[in-house]
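> Protein sequence lines correspond, in order, to chains Z and C. Going left to right, the first sequence walks through residues 1 to 305 as the working numbering numbers them. Going left to right, the second sequence walks through residues 1001 to 1305 as the working numbering numbers them.
If you are wondering where the hints come from, they were derived from the structure by calculation, not from laboratory data. On a predicted model such as this, the values are computed, not experimentally measured, just so you know. The beta carbon of each residue, even a glycine, is placed where N, CA and C say it ideally should be. Warning: the hint list may mix true and false statements.
[As the list claims (entries may be wrong)] Okay, the calculated beta carbon distance ranges per label pair:
(1) C:1266 / Z:5: 22 to 28 Å
(2) Z:288 / C:1161: 43 to 49 Å
(3) C:1278 / Z:108: 27 to 33 Å
2 protein chains.
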Amino acid sequence: MISLPPQAVIREVGLRDGLQSIQTVLPTALKCEWVSAAFAAGQREIEVGSFVPARLLPQLADTAEVLAHAQTLPGLKASVLVPNLKGAERAIECGAHLMILPLSASHAHSLANLRKTPDEVVDEMRRIRAERDAAGSQTLIEGGVGTAFGCTLQGEVKPTEVLRLLAALLDAGADRVSLADTVGYADPASVSRLFEQALRLAGDRFCCGHFHDTRGLALANVFAALQTGVTRFDASLAGIGGCPHAPGASGNAATEDLAFMLQAAGVATGVDLPQLLALRQRVVNWLPGEQTHGVLWRAGLPQNL
Amino acid sequence: MISLPPQAVIREVGLRDGLQSIQTVLPTALKCEWVSAAFAAGQREIEVGSFVPARLLPQLADTAEVLAHAQTLPGLKASVLVPNLKGAERAIECGAHLMILPLSASHAHSLANLRKTPDEVVDEMRRIRAERDAAGSQTLIEGGVGTAFGCTLQGEVKPTEVLRLLAALLDAGADRVSLADTVGYADPASVSRLFEQALRLAGDRFCCGHFHDTRGLALANVFAALQTGVTRFDASLAGIGGCPHAPGASGNAATEDLAFMLQAAGVATGVDLPQLLALRQRVVNWLPGEQTHGVLWRAGLPQNL
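Just chain Z, same shape as in the assembly (with noise of 0.2 Å):
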């Protein structure tokens, strides 16, 4: 028999995985409304935007205001995502609850998107966590793995690579690592094998999975992850996103369509199904002409949920 943990937490990351890839600048307003109503809908940990450079990407140049409006919602944990030291300095100062900074196993898909080398940015690693210590801060810093599962750019990405880095990135002061299959690469059995290892690796201090839909098996990838004991999640309301260098790819996992799935199976998330279909609608509507996914919305929920 399957065993599954009693609860799970979805981090909503629609704000930055999503509106990074799509053209529609939302304005800060309805990024401030999605995440209270996200709050409201019961979501306690949001990645709220990027410290990025705004010429870079505009979609996400408010992201200083979204995570001062996030930080006063009681319980509510916000996230930033950071590419560098000068990112983190910024989440640092704005007192954000935690920094991600990726890093991409695949050399090719990090010299694409990061111009820098995965152990250049274990290096920077080192930097960010000696910055946030000098400053005295609470701010926590994940190392997100990312293309852990394999790459456009590069094909293969050998299971051996991306552990080395995960131990790398704690080693450098981490205080988390989390996986991400940036482009649609994994499959469930491939998950279980690489998330018990990573479990095995670095216990509790692997915190999440991050799942592209680009080949429809985000979920069955979530549920072959969540057999091992992992249980923080990545999402895109309605799975908004993608990746540059991922043509065609289909977004996130869509946070109703992984909510629905958990709580269905018996796995507390604390998300009010109701009330995040409406908010996937009000999103979907702020949306006009960009392409959104998803399968719940549709048929709605079961009548026995």
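Since the structure of chain Z is already known, use the hints to place chain C on it.
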């Protein structure tokens, strides 16, 4: 660690469950082309239609012709759905490899769909078995228990009732039985529990899982079922299908997405994925204006498969 079987069979049901749910009446020649191309792509089990009165399902009025064509392909196991003894008589006459008698575990759905109670369908199974044996026919008989995880009309369907009906069908002479989540109420945990119990009850006479993607969980449900040891799954190319009593339903598991998941996870299906994706595109072109599903086609296969 999870354990998966080395191989599994995808039974194509697009020509039956798919085509019966849409408006387009696909010409017989195109259905035969579909069967041939699916066979060429490695599919070896295809449900080609249903022996129901043509006035009820004009889309499937040519089932005998499609079956006759399928029987010319060496090694292809062609099955048909039969709603009653009358349909079974035609399946026997035509020498189908397998006939599937559907039974709804939901009393309400059974009356709406078949105008019989579940136990009246069990009685029909007894008559079908007697007829098959009297005819000296080799046609196998499968009892397919639908709405096995809940029902839009009745809400809850008790697992004990589902298991009782599986046993009753076997007692009445079914060679084998299967379970269907007709309306998308299953989740991976409920699938795991019910499939374990069905296997304990019926052993290898429990032969197949049929999942709809109404709420996005079809592949996760297959993955859960696969872990119990079941190795046959129904699916429909481009995910076409639905249920007249499940408004907004998003169709069956998409054959191409399911084949990708299985093969990526190391479970051999014998299916050639590029050929299957090419066939999907042809079938979609044959069905202009119809809702099609599936995710893989958008991004295509990863480089590393």
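> Next, verify each hint and record whether it holds.
Okay, the hints, checked on the actual structure:
Between residue 1266 of chain C and residue 5 of chain Z the C-beta distance comes to about 25 Å, which sits within the given range of 22 to 28 Å. A beta carbon spacing of about 47 Å between residue 288 of chain Z and residue 1161 of chain C agrees with the range 43 to 49 Å that was offered as a hint. A hinted range of 27 to 33 Å holds for the C-beta pair residue 1278 of chain C and residue 108 of chain Z, which are about 29 Å apart.
Checked against the numbered hints above, the structure violates none of them.
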